[in-house]
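Asker: One-letter residues, chain by chain:
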Amino acid sequence: MSAMVDVTFTLNGHTTSLAVAVHDSALTTLRDRLDHAGAKLACGEGECGACTIIVDDISVNACLMPAPDLDGRIVRTVEGLWEGDGLSKVQDAFVRHGAVQCGFCTPGMVMQATHLLEQQPEMSDAEVRRGLEGNTCRCTGYSKIVAAVMEVSRDAATKTAEAAE
Amino acid sequence: MDPIEKKEIVGSRVTKLDAPEKVAGRVRYVNDMTLPRMLYAKVLRTDRVHANILSIDTSKAKALPGVHAVITAADTPKFGIGVLKDNPPLKGDKVRCIRDEIAAVAADTEEICDAALRLIEVEYEDLPTVFETVDALAEGAPVIHEDRPDNIAMLHEFKAGDLEAGEAQAVHIFEDEYDVHYVTHCNMGASCCLADVDTDGRVTLYSQTQYPFIMKMDIAPSLGIHPGDLRIIQPPVGGAFGAKLDVYPNEPICVLLAMETRRPVKLLYSREEEFIVSPTRQPVEFKIRSGMTAEGKLTFRDVDSRLNNGGYTSWGATTPYVSMRTGTSHYKVDNVSYRARAVYTNNPFAGSFRGYGNVQATWALETHMDQMAEIVDQDPVAFRLLNSNEQGDVTPQGAKLNNIDLKGCITTAAEESDFLKKWQANLGQWDSPERFKRGIGIASSLHNAGGAKIHKSDGCGTMLKMDDYGRVTVITGASEIGQGIDTVIAQIMSEELGIPMRDVTLVMNDTATGPWDVGVHASRTTYIAGKSAQRAARKAREQILAAASRQSNVSPDELDLRGGHVVQMKDGEPVMPLDRLLRQMHFAGEDAELVMVSDYYEPPSEPEDENRYGDMSASYSHAAHVAEVVVDTMTGEVKVEQIWSAQDVGKVVNPVGLEGQIEGGIAVGIGYALSEELQLKDGIVQNPFFRDYHVMTAPEMPPIHMTWLETNDEEGPLGAKGAAELPTIVIAPAIGNAVYNATGVRFNHPPLTPEKIARGIWERKQQMRAAAE
Amino acid sequence: MALPQFQAAPQFEEYVNATDLSAAVAALADGQGTPVAGGTDLWVQKELPGAVAGDRLVNIKNVPELKGIAAADGRIRIGALVTMTEILGDGRLKDAAPILAIAADRFASVQIRNAATIGGNVANASPAADMMPPLLCADAAVELAREEGGAISTREVTLSEFFTGPGRSVRESNELVAAVIVPIQPGRYAGFCKSGPRPALEIARVSMAITGEAAGGKLTNPRIAFGAVAPTPIRCTQTEALIDGKPLDDELIARALETMDGEISPIADHRASEWYRRHLARTYLEQELRHVRDG
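Listed in order, the protein sequences are those of chains A, B and C. Residues in the first sequence are numbered consecutively from 1, following the numbering used here. Residues in the second sequence are numbered consecutively from 1, following the numbering used here. Residues in the third sequence are numbered consecutively from 1, following the numbering used here.
Don't read these hints as lab results, they were simulated from the structure. By construction, the Cβ of each residue, glycine as well, lies at the ideal position given by its N, Cα and C atoms. Check each hint, because a few of them may be wrong.
[Unchecked claim] Covered stretches of chain A, as calculated for chain B (at least 3 residues, CB under 8 Å):
#: 1; stretch: 37-46
#: 2; stretch: 72-86
#: 3; stretch: 103-114
#: 4; stretch: 122-131
#: 5; stretch: 136-143
Construct the complete structure from the given sequences, taking the supplied hints into account.
Answerer: Given below as structure tokens:
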């Protein structure tokens, strides 16, 4: 059996403490121990992005992140995006653009899009596509997902332009 | 109160009903579910592809702490699943392919399951193996199933007209072979099920199935229970695309473990297991021989195909129900013959996959058509138009092509893409020293657009009730699997009953509540479930308007439902609020009535007879695609630059949903053409990981220009036709033909991987060089 | 018998969260520790024999000495914990060894670039690791740290001598990759080719990096390195010597391709045949040499 280790971290703004097995991933910890099933287990090997979460403002595949490494981090998951103020801009754009079909990739896609927009609010279509390269969707063909992210990006550009005036 | 205008909901851009819940991460898929005291299950699979099982010893596994049950064939009913019932969920006597299930464990954790699997000892006696269909058909080949000594699992044959006469008329006869490969669904949510058995032995199965009602009948015998004691609930599913159109061993195994342990049991595949174990698209080797007049008119077509059936028979063996229609009936040709043999081998077996049967047939036929055009020196568009089917044609198999527009699809795709100019220009560059070469290709196909009557019924039921507040609850037999039938039904309700979509509650995906439906397949759900919903809504509307008429003394014909009110049809003048009317109808003493209606819609299609003749679908449609590519002639890498899609969709119900189906379908088709292949070596999957099995990613997807041809299908709900499969079917040969247009090298066997293309171009160069010397 | 692929994640009986380098090397001293930082390969690259050493998981992610990019003595020290994203965004590195950022952009996906560390990429010693050909071209050295007599002892090994086979290197089981060090060599030509067609998320069938001083149709002091064409990432030193400072005419390029072809030894596997790997290697080298020649 694996050794256990205590971790304390911030999960969507709430301090969370628990003991994890050292071979656990952040994903199984979130899903199986903390009832945060928004991040999906789809490949378990970092190749599809369905488990994308944001850790200390950086997007990662939760399936590859060792659970002990959660200690001291600030973790954001899809659940945290809408609690409080309703759907985030990215989430709302996904709904309106029809970027969701089966929805299994959606939480990871939304988190990665959120990360990209935080890093670089104004992006080109090609930059959005490169940024989503690690997120596989089998339903949509990506057009509507990219359109949703581009809309939020354009809004950011409009705001920048207005601020400059 | 002001007059209320009629609101057009059907045909307008509406968002998917469950999208907000999905973006919020609030939706629980089967993969996410747990039940109190739930156990986890895992399956021990064989490590060889053809062997007799001499013994299975599970005693050490059973003794492991935390293990609650270990089952083998010895503990379970002797009944096979699948189309020919040739696949026992647990194998007791022999194994026939790498997926084969030997034993299954239920334990407290997945880790304990893994440990227990390692403690099971199996002794085998290896048998001779066979992987290729030609070898399996040869005299003295290893026999996979003893009751089928010729290894032929299924035979499909059709003939019409006079092949010899067709040959006699032909000036040009051309024959070629097209082998299409194994691909797999890559559903983002891996296969998962959860079974729960109550104190009285009744089973609830949380399943990803696409055909819940037939599944009850298919799975019950392998569980030794009555189908009536089985309730199937379909929680949201992470993609299905046909992968869930049969019973596969994981589901009976999961139930059997739940029966054994009297605890809920969940069985979830790892991604690697998903690649190795879940069904594939049916691989097929086609030989097409056809003839034409000097002018290029087709005179005959003879198709012979072998399906690599693998170790067991699932829906893959039945794909000729669709591929045969394309093979005999796409383009006008009177003298046709089609033979398909599904041949047992020691490979994994195939199921159904979006575009079922037709992806394969269209690759072969549309490649073949391009080759034929070249023989008579015609461009690919003219040649196709010359041979196109037309409105009112009845195909050799009896399909009535009413309300179709194949020529319109081809012409539109060609014109929108400026096809002919580009195609002509590219021909001159084959031998140029340019490394990057541009190509353009076209393809089209025919598909059922109004279901497919392959069962006794192709119908769907709807029950509808309205409450005292003007809200409607619709209980449909249809399954929502991400495709958006929930939204389509809500649109139809909204339109017919004059209420906002938000006031529609859908109850579905549960056999205990829903009336019967044949399942999600054959591009049928909008057409058939939508039609049933519409008919139910109209019955409710009629009941409401009759009551309103009694109260208002206005004829029901002059009344309408809009904006939550009964209104005057002519000017929208409100007569009374709908909710108040419903309450008055309800609380009316002895005259009380609730608005509660039901409908079962059976489409006017017919099953094929024993001679494979019949008008199997209530509607048909076509699509044509043009693909423009750039080929790196050194690395062989293909970039798809742009796609033009022209599709006959009947009337559009939800443009957002339709665009999503076309874009998503094309993405799967591009993968089929260029990158996806489940590589097998001696029956064993070599690349069971996304890193080696490439589905399309965002940067690889080209812009897609869509044109919808709205033919008038009178039978479908508001004229709609099924549309989700054609995009996957048509794009692949368009890409193949574009690569030919760019390079002068014809690739008959997808996928057109960089290596295959680089090698083909390199060999062409060597040949040219040799010829020049 | 279960298929070997279906084995569960590795289990560890002990866990050490190292908060400084002494603690990290102490935890590895008996050779029974598996260092983990990004974790992107630990559960994935089971085929690599070096990935899991023993029963103790040593988290090195919080070791300050392994973090950051710093310049000193004409060289740049890239801490083992520096991620691909950090390499992509570092201005000094972009000037000192532009090949690294060019290649890092072709590395996996954003999420993996955010987690994968340069130290892990080196330590795994995968023959197909994307960053190795560029690092070889950048004359990189590996700084290895271990505990000796209760103190930290380090040694430097040039990257070209580091790899010994697929998943194998000269790193001892009690050693930690502490940093990768590259000399500051601004203004050198930098070319990177990797099999696609995807921009990044690909296991390379072949990757190639090439650097040198490009001027007047010549490449002086060249470096040519390949991934996935030999048991380890390799430099083609004979080819480098052949073209060093000479006019890259068609004849020399043809000889360079032949020489390179003799220096690589690709295998055939499910990702590519030997023919295709050789074909790609030739294509990439020819493309880059012509590019240098034609400017």
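Asker: Look at each hint and say if it fits the structure.
Answerer: Cross-check of the supplied hints:
Counting residues of the stretch 37-46 of chain A whose CB lies closer than 8 Å to any CB of chain B gives 9, so the stated coverage by that chain holds, three being the minimum. Residues of the stretch 72-86 of chain A with a Cβ under 8 Å from some Cβ of chain B number 5, which satisfies the need for three, so the listed coverage holds. Check on the stretch 103-114 of chain A: 6 of its residues sit with their Cβ under 8 Å from a Cβ of chain B, so the three-residue criterion for coverage holds. Look at the stretch 122-131 of chain A against chain B: 4 of its residues bring a Cβ nearer than 8 Å to a Cβ of that chain, three or more, so the hint holds.
Counting residues of the stretch 136-143 of chain A whose beta-carbon sits less than 8 Å from any beta-carbon of chain B gives 8, enough to reach three: the coverage restraint holds.
Violated hints for the displayed structure: none, as all numbered hints are satisfied.
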